[in-house]
Amino acid sequence: MLPERKSLVLDEHAAADWIRDGMTIAIGGFINSSHPMALVRQIIRRGIKNLTVVGAASGGLDLDLLIAAGCVKRLVTTYMGGEHYCPVAPFFRIAAQRGELDIFECDEGMFYCALRAAAQRLPSTPWKAGIGTSFPEINPEIKQYNDPVSGEPMLAIPAIKPDLAIIYAAHSDAFGNVQHVGTGFGDRAMWRAADKTIAQVERVIPNEEVRKNPLATSLVGVDAVVRAPYGSHPFAAPGYYIEDGEHIREYVDAGNAYAKKGDRGPIEAYLEKYILKPKTHEEYLETIGIRRLVALHEY
Amino acid sequence: MLPERKSLVLDEHAAADWIRDGMTIAIGGFINSSHPMALVRQIIRRGIKNLTVVGAASGGLDLDLLIAAGCVKRLVTTYMGGEHYCPVAPFFRIAAQRGELDIFECDEGMFYCALRAAAQRLPSTPWKAGIGTSFPEINPEIKQYNDPVSGEPMLAIPAIKPDLAIIYAAHSDAFGNVQHVGTGFGDRAMWRAADKTIAQVERVIPNEEVRKNPLATSLVGVDAVVRAPYGSHPFAAPGYYIEDGEHIREYVDAGNAYAKKGDRGPIEAYLEKYILKPKTHEEYLETIGIRRLVALHEY
Amino acid sequence: MTGTTTLAKDFTIKELLATFVSRQVRDGERVAVGAGLHVPRAGILLAHLTRCPNVRLYVVMTFTNLTKEPRMEPFYTVYDYRPAKWAEGYIIHDDFQEDPRIVSDTFVVGGLQIDKFGNSNLIGVGKDYKHLDFRGPGAVGTLSMAHYVDRYYLFVQSHDKRILVDKCDFISTVGWGQGGSDGRKKLGIPGNGPVYCMTPLCIMDFDETTKHMRLKSVHPGVTVQQVVDNTGFALIIPKDVPVTEGPTEEELRTLRERIDIEGMLRK
Amino acid sequence: MTGTTTLAKDFTIKELLATFVSRQVRDGERVAVGAGLHVPRAGILLAHLTRCPNVRLYVVMTFTNLTKEPRMEPFYTVYDYRPAKWAEGYIIHDDFQEDPRIVSDTFVVGGLQIDKFGNSNLIGVGKDYKHLDFRGPGAVGTLSMAHYVDRYYLFVQSHDKRILVDKCDFISTVGWGQGGSDGRKKLGIPGNGPVYCMTPLCIMDFDETTKHMRLKSVHPGVTVQQVVDNTGFALIIPKDVPVTEGPTEEELRTLRERIDIEGMLRK
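Chains as they are written, first to last, in my numbering: chain D, 1 to 299; chain G, 1 to 299; chain C, 1 to 267; chain A, 1 to 267.
Bound-form chain D, shown alone (with noise of 0.2 Å):
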């Protein structure tokens, strides 16, 4: 007899343990929206350390949260803020300032040059933007050279290449077949370029919901799948809930406090209460509260 076809669901924890010290992780999402936040506080909690952490294109407070947390040493995005809750995020931006972090600097479309430059198994692909800038000086892995069919100057994106891509969507059923609601941003570029991908969800469906809209497969296939209801949270999340807002401004409040007064307190408040004293998904969603979760319905 054929064994059935193996279910690729991790608890939160056994997802976690894919995740190492050093290691390149890609993180989907934009901005405010959709970051795997249940796998992201595991990071936390647990404590990993020296992660070169790419994006997304742009990337956002998720990013700024595991810098505050002391796990990043080495960033690749284009833009570090919170749209109108704070123009730069803020532990991103005390740490940059004090060179305490490797900074690959990009823009989107070098961003996913260099994706797709590690999807290709390519060790670089050119961009013609950013001549004339500050790129090729910042970034000195960016290299100027003429192209040779025309001779005119171009730029290499070297290629960067995570180990583990983490992502965030609404749905995927047990085999990995992942449909996002919306458009997923650039999280099909993370998928194609890292060598393994979990994908956080919303929910788990069966796979003959999938089979009835196989256009809406985003992400034909992933290496392990995370149940976590509100996993997006305090972020948004298409199709299911709009931001919290208030719980944005509670930790911007607390990035500025170091920022501008170099006061840890409130982020160390803000680390215990969500993200140490909570073990798992479920207790951080008790921590929140049932009805600020249910308040946050996306009309």
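The reader is advised that the hints may include incorrect statements.
As the list claims (entries may be wrong) - Taking lysine-lysine and the DSS-like style, the derived pairs with C-alpha atoms no more than 25 Å apart in a straight line are:
id, chain 1, residue 1, chain 2, residue 2
1, A, LYS85, G, LYS212
2, D, LYS49, D, LYS73
3, G, LYS49, G, LYS273
4, D, LYS212, C, LYS161
5, C, LYS130, C, LYS161
6, G, LYS261, A, LYS68
Unchecked claim - Stretch-level coverage of chain D by chain C, calculated; a stretch enters the list once three of its residues show a Cβ under 8 Å from a Cβ in chain C:
id, region
7, 120 to 133
8, 195 to 205
9, 268 to 274
Hints were generated in silico from the structure; no laboratory data involved. Think of the CB as a built atom: it goes at the ideal place given N, C-alpha and C, for glycine as much as any other residue.
Assemble the complex: chain D is given as a structure, and chains G, C and A must be docked to it using the hints.
Just chains G, C and A, lined up with the frame of chain D:
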């Protein structure tokens, strides 16, 4: 008062006016499926010459027909055959053997490199596969060079920019929002690379229907839309009809008469009967006959 | 500027700027509606609803046409999913890199610093990249978009000497480089540099020969001296400096009743 | 090779080859099911239905899993839309170039010519590219797929001296280059060359040191001399040449009852 949004629907004659001698034309679809045949037949009917024809990757008998009719000067494609109907396209084979056709020799990876370079407004994009093969020798436009980051040998595939892409899709609204049934093969890559795109469709659908499923919109805005039911005949149309094997065999037989015996009689008869005598797509469909057409259901 | 051409009397500087933005849009183009900046967003929508029914609006990674929408629901961010209800089609974010022209024919770029040749800086302020005085958010997609679009515009929300500087500490998006009408050609990049720089005080353009920034018009109530005093480089001042033209009554009505319902531009 | 391991007695060479193909597949891989070649297609499906329930099958630009399908509906072409009824997701054709590994971990390459180092030719036969004796169909996606996959296989439908040549007139897909275990490394390309060459007479592999083609096994009823006589280069012949192992009874039953319903492999 704000004027109404403009319809982009053209009839086949007005659309064919966009195609001129000497242009670079990309033709969508894949082998025996999804070619904009109403427009291809217009090209032949009008005696348009010296075209550079791009694709599809992989190409098919649609391109062979254009070669048979003397419209093609240069060909960019990776495969010229009809699968089980014929291993090598007959007019292509003879023209290539005689050196009468200028061929941009490439494989599918390189083909999309060339289209992507055009879309990205880059002079070339790199590809690794092909080193150690005959491609750089039989296609001197492909240049070997050393990657500026790693120093390893690479191939630079030059941009190929179509003046016009003509593609076949199931549906479009009047404003050029095209929805393929199925994957659309490489039509997106052509659309991105080309200066302008005409979509020949089975049905023009209301904008409201497009908005019901925006995820299905494969080409977000082409420049013109031509309605031609059964317009991929004799080739297949995903969701509508399978290919007309009998008709394809009739064409292949005409091709073999030429390729094997040098007899152009059968192809001249084919061209006269199916392309030159009918002046419109409707007249072509009458020649084929409704009985035959309705028999080509998908299942 | 169809229909009523009677100029409105009572409007804010933000409404004036939105009107100026709207007049840069051409019908039939693709136009990215940057969500974060209220003024350009309102300006593009104003063009769409008054003059340009065939514009393809890029809104939060979807394409749409909003001419039949009686009122704009608010959308302020580039990640908000709610505007997807209007979508005619999606753009995957990394697709824009497959053909940036698909997203937009025009673009608006801001900056921590903008220099006299229209180069702009979103990276940071300071002399040493490793020890910046102020670290900015980063370039986002500005340099790639500005490179590929047909034309782009500079926009700042405050007109002062910290922002309008002689020379940017870092350049994230190249304007006219080191100046001259061939300033971009010399770098080996396409010729489509910044067209205007819009501020709360004035509109500036670039001298045709030197590509040095030049005063084009001052907003109602603003003096040329005020502009000069708040600009960190020697701006070219033509003999005649007109007052920036405001909205027509129809434009102002469309802006207030269909686009800026919450009055963000009236604050 | 789970369950019944009793070898079947009565099978065709095509069924034997399909069985050989099936044993190359590893569970959990992505496997492109090339539609045009019946034998590899049947072989991959056989692996999937007997040993590899977690293979991701790439079928006509869709991904699927067919373990719950009692019988395969026919699909013979890479453009046929009908297998899309099984799809769990689509791959846009140009997406494969964004990451060829997404499509498949293995690949099967054919050829007008295959030489002693496993280089293959789909371009044409003749000395002068501009005046070929026989123009082939072109490389399709073979060189890119073969470059990127974990391992690839050569497959020809006829074993004769026109096809198995000392040196290809043109190389569309590189095998072991000019030979040697570093034959690919010397070219600056990844080390994953062809593993086996399958023909209607035999299976060949490559000598570990020289990467010269070597006889591995002959099919039932075929002699070593027959292989030598029909090969256009000096094949390495080991002392012992076993007979290619055929299908088990279970494999043959699965092949005939669930995969090759029309009996394409029995003709």
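Evaluation of the provided hints:
Between LYS85 of chain A and LYS212 of chain G the CA atoms are separated by roughly 22 Å; this keeps the pair inside 25 Å, and the hint holds. The straight-line distance between the Cα atoms of LYS49 of chain D and LYS73 of chain D is roughly 8 Å, inside the 25 Å bound, and the hint therefore holds. Among the hinted pairs, LYS49 of chain G with LYS273 of chain G is consistent with the structure: their alpha-carbon atoms are about 21 Å apart, no more than 25 Å. Between the alpha carbons of LYS212 of chain D and LYS161 of chain C the distance comes to roughly 59 Å, so the proposed pair goes past 25 Å and is violated.
Distance restraint check for LYS130 of chain C and LYS161 of chain C: the Cα-Cα separation of roughly 24 Å lies within the 25 Å cut-off, and the hinted pair is therefore satisfied. The straight-line distance between the Cα atoms of LYS261 of chain G and LYS68 of chain A is roughly 50 Å, outside the 25 Å bound, and the hint therefore fails. Requiring three or more residues with a Cβ within less than 8 Å of a Cβ of chain C, the coverage given for the region 120 to 133 of chain D holds, as 7 such residues are present. Coverage of the region 195 to 205 of chain D by chain C is violated. Counting CB-CB distances below 8 Å, 0 residues qualify, and the rule asks for three or more.
Coverage of the region 268 to 274 of chain D by chain C is violated [criterion: at least 3 residues with CB-CB distance below 8 Å; count 0].
When held up to the earlier numbered hints, the structure conflicts with 4, 6, 8, 9 and fits the remainder.
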